[in-house]
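Please model the entire structure based on the sequences and the hints provided.
Each chain, written out:
Number of protein chains: 2
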Amino acid sequence: MLSTSPDTTAEITLANWTRVVEVSALQEMLTVASRPEILSFALGLPAPEFFPTELYAEAVAHVLATDPAALQYGPPFLPLKRHIVALMKQRGVSCTEEQIFLTTGAQQGMNLLTHLLLDAGGRILTEELTYTGFQQVVESFEAEILTVKTDLDSGLDVDAVESVLADGMRPAFIYTVTDGHNPLGVSMSPAKRARLVELARRYQTPIVEDDAYGFLHYEDSPTPPLRALDEQWVFYVGSFSKILAPSLRVGWIVVPEALMSKLSILKEASDINTATLAQRSISAYLDRGLLDSHLAELRRQYRVRRDQMLCALREHFPHDAHWRTPTNGVFIWVEFTSELDMNKLLQAAIAEERIAFVPGQAFYVRGARHSQRAAMRLNFSNCSAERIEDGITRLARLISRA
Amino acid sequence: MLSTSPDTTAEITLANWTRVVEVSALQEMLTVASRPEILSFALGLPAPEFFPTELYAEAVAHVLATDPAALQYGPPFLPLKRHIVALMKQRGVSCTEEQIFLTTGAQQGMNLLTHLLLDAGGRILTEELTYTGFQQVVESFEAEILTVKTDLDSGLDVDAVESVLADGMRPAFIYTVTDGHNPLGVSMSPAKRARLVELARRYQTPIVEDDAYGFLHYEDSPTPPLRALDEQWVFYVGSFSKILAPSLRVGWIVVPEALMSKLSILKEASDINTATLAQRSISAYLDRGLLDSHLAELRRQYRVRRDQMLCALREHFPHDAHWRTPTNGVFIWVEFTSELDMNKLLQAAIAEERIAFVPGQAFYVRGARHSQRAAMRLNFSNCSAERIEDGITRLARLISRA
Chain A
36 MLSTSPDTTA EITLANWTRV VEVSALQEML TVASRPEILS FALGLPAPEF FPTELYAEAV
96 AHVLATDPAA LQYGPPFLPL KRHIVALMKQ RGVSCTEEQI FLTTGAQQGM NLLTHLLLDA
156 GGRILTEELT YTGFQQVVES FEAEILTVKT DLDSGLDVDA VESVLADGMR PAFIYTVTDG
216 HNPLGVSMSP AKRARLVELA RRYQTPIVED DAYGFLHYED SPTPPLRALD EQWVFYVGSF
276 SKILAPSLRV GWIVVPEALM SKLSILKEAS DINTATLAQR SISAYLDRGL LDSHLAELRR
336 QYRVRRDQML CALREHFPHD AHWRTPTNGV FIWVEFTSEL DMNKLLQAAI AEERIAFVPG
396 QAFYVRGARH SQRAAMRLNF SNCSAERIED GITRLARLIS RA
Chain B
36 MLSTSPDTTA EITLANWTRV VEVSALQEML TVASRPEILS FALGLPAPEF FPTELYAEAV
96 AHVLATDPAA LQYGPPFLPL KRHIVALMKQ RGVSCTEEQI FLTTGAQQGM NLLTHLLLDA
156 GGRILTEELT YTGFQQVVES FEAEILTVKT DLDSGLDVDA VESVLADGMR PAFIYTVTDG
216 HNPLGVSMSP AKRARLVELA RRYQTPIVED DAYGFLHYED SPTPPLRALD EQWVFYVGSF
276 SKILAPSLRV GWIVVPEALM SKLSILKEAS DINTATLAQR SISAYLDRGL LDSHLAELRR
336 QYRVRRDQML CALREHFPHD AHWRTPTNGV FIWVEFTSEL DMNKLLQAAI AEERIAFVPG
396 QAFYVRGARH SQRAAMRLNF SNCSAERIED GITRLARLIS RA
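Residue numbers (our numbering), protein chains in the order written: chain A, 36 to 437; chain B, 36 to 437.
Since the hints were made in silico from the structure, they are not lab data. Being a predicted model, the structure only gives us computed values, none of them experimental. One thing to keep in mind: the hints can contain errors.
Facing chain B, a subset of chain A residues (Cβ under 10 Å, in silico) [to be verified]:
| hint | residue |
| --- | --- |
| 1 | Ser69 |
| 2 | Tyr108 |
| 3 | Gly109 |
Which bits of chain B does chain A cover? Going by a derived footprint, with three or more residues having C-beta under 8 Å, they are [what the hints assert, rightly or not]:
| hint | stretch |
| --- | --- |
| 4 | 51 to 58 |
| 5 | 77 to 88 |
| 6 | 98 to 105 |
| 7 | 143 to 155 |
Glycine is no exception: its CB is placed at the ideal position from the N, C-alpha and C atoms.
Put into structure tokens, the structure is as follows:
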């Protein structure tokens with residue numbers, strides 16, 4: 036009875052979005068970059084050597100031994116929400132447990148908010164260089180992405196946002212990464228934050244603020260995120276992926292309480308509930324009160340790696356390469372004024388030097404008008420300082436031969 | 036700067052679907068039914084006393100101690116896919132690792148397949164009584180649900196499916212639960228399975244087969260699912276939730292290999308990847324080779340509870356109540372020929388007897404034409420035989436007073 040047709044899906048009719056959206060460069064990179072012989076600057080992976088593996092193992096063991104509800108379906112775990120309220124306070128944000136919605140990582144947070152706010156064929160507004168995982172959410176809803184430019188010193192071009200809104204465009208929301216932008220590494224200036232929130236209020240347009248890297252700040256007094264300025268129009272997306280471990284798949288969003296019931300419909304339709312065992316194990320880990328010192332250590336270690344990469348770039352990269360010092364996150368964005376074929380360079384880097392990075396064009400929103408400079412996104416969190424020095428040296432040699 | 040408006044979301048424009056879709060009765064029930072004083076026949080919860088908690092704790096500890104990739108992002112774990120291929124073989128299904136796609140539970144499997152196949156405003160075909168979690172996926176895409184009847188002895192009305200398709204209707208797919216239907220508890224007869232698959236082929240319409248309860252069979256030679264009859268047109272959805280534990284949030288779908296790349300786009304947009312730690316811990320648990328005996332024990336224990344509930348229904352329920360003996364799953368569907376207000380009965384049951392169940396009307400597809408008989412869905416997996424006897428006796432007393 037089994038079908039023997041070799042091309043088994045030729046006749047299956049798929050949804051329209053499948054004709055447009057392709058697998059992202061980042062996803063393809065995940066397979067290449069996970070090969071052990073590759074020195075990867077490609078993905079936004081945290082450093083596994085800093086995962087609090089033993090403490091987390093103790094937390095899981097404790098929860099499984101003492102909590103009979105740990106393996107069952109269940110409502111969101113209130114003690115975890117309380118921990119998140121305290122974490123948000125560290126970011127300068129006041130919120131309540133009733134405004135916290137638990138998600139399967141920040142990615143699901145963006146997905147649920149997009150589904151909540153955007154109709155098929157609608158529009159959203161973001162930067163022309165945008166995290167591909169977010170682009171794919173919007174594209175799978177067959178929506179249009181309006182774009183504005185980003186200034187590498189101060190972030191999102193808020194004048195351009197204003198002129199889009201003043202022209203009468205009403206995007207379902209504005210998506211932005213305020214601190215440690217992906218892929219640009221930039222953080223938005225305090226003045227721009229205030230103006231952007233004011234625009235959101237005036238034009239009644241919500242902002243989805245992706246703060247995946249907010250807790251990874253390398254200066255002593257970080258600027259609070261947009262959510263600290265407005266609790267009605269800013270929907271905040273946070274995650275344990277970069278501060279604890281990605282494989283737990285637990286994140287959260289902070290939204291007005293009135294949105295909870297509609298979000299819970301989307302959540303049930305997506306995956307019923309966020310893994311109970313992960314929720315309770317993270318909460319048990321946080322009960323120990325060791326996250327602050329863990330975060331301080333992460334910041335210290337990543338700052339060393341960032342500085343090592345900046346130093347190696349200064350020493351080895353050609354004079355027409357430009358970058359900024361990121362205050363947050365795990366990426367450095369390098370632009371070249373000369374013409375360089377980045378896809379060719381990547382192929383050579385993998386084949387000849389076993390080094391991976393992501394070409395800048397991978398992050399351009401489809402169809403956005405822009406002057407596309409040769410650029411690359413380099414990650415500094417996932418390699419030791421020694422490997423960073425070695426990799427940047429070899430990459431520079433390859434560029435000089437290109 | 037904080038907004039002080041009390042009704043903070045009055046002005047936020049939400050997507051159109053939010054005007055139609057309400058929180059499901061099951062989700063509301065999750066809060067009521069999780070109160071410790073409630074004797075709940077309401078949800079499809081597995082029995083926590085049979086979770087392999089200690090063995091799973093050992094598996095997690097082993098993985099965290101030995102596998103440096105366990106807390107990182109990562110591609111799907113191949114050894115887990117191999118275990119799933121072996122499990123599918125037990126269900127009478129031949130498939131390969133390349134046809135297995137890992138998901139955050141069966142719910143995400145349905146969600147991704149719906150997103151893959153259905154355009155906004157499109158149509159799907161299912162039974163008029165359908166699992167609410169699936170209805171909410173479709174409704175949040177603003178799609179139309181066409182329905183046919185279900186025969187409580189042999190399942191889906193395949194004649195009605197044929198006449199819908201012969202009339203020229205082309206639903207994006209047919210959704211069905213072949214074994215242990217939720218909420219009806221029914222399983223499809225072998226003859227209907229063969230005819231349904233033949234219709235799918237003839238009319239080139241995929242079937243999404245939700246097999247969440249397939250492994251919980253109470254007869255010795257279960258009929259294989261639809262996927263055993265066709266690998267091109269049947270997309271199979273499976274899960275570890277009911278056979279290991281729901282809180283792990285790991286499931287799988289079996290689809291033609293050609294669909295993998297588009298599914299991986301949706302997966303990345305949904306939650307990047309299924310929790311690596313859960314994937315590897317389940318795989319480590321399965322490595323021990325103890326799932327078969329665990330499943331045999333689960334079937335034995337749930338069969339005892341099913342039989343206890345059937346016995347108590349026969350003894351105590353009124354003569355106008357009707358039900359079948361389910362061969363699979365965790366539900367008994369009880370219909371009444373007399374008129375009974377089920378919502379009133381539920382309120383009284385919770386208030387006076389602290390017993391919960393789900394009224395049958397909660398499962399009717401919105402807008403489906405049907406003669407709505409008074410009915411209730413009773414779960415038998417989550418209570419001991421003693422509590423089942425006690426609860427059914429008290430519920431019967433309440434009905435006799437209604």
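Exercise for the section: Sort out which numbered hints this structure fails and list those numbers smallest first. Expected result: Violated hints: none at all, because every hint is consistent with the structure.
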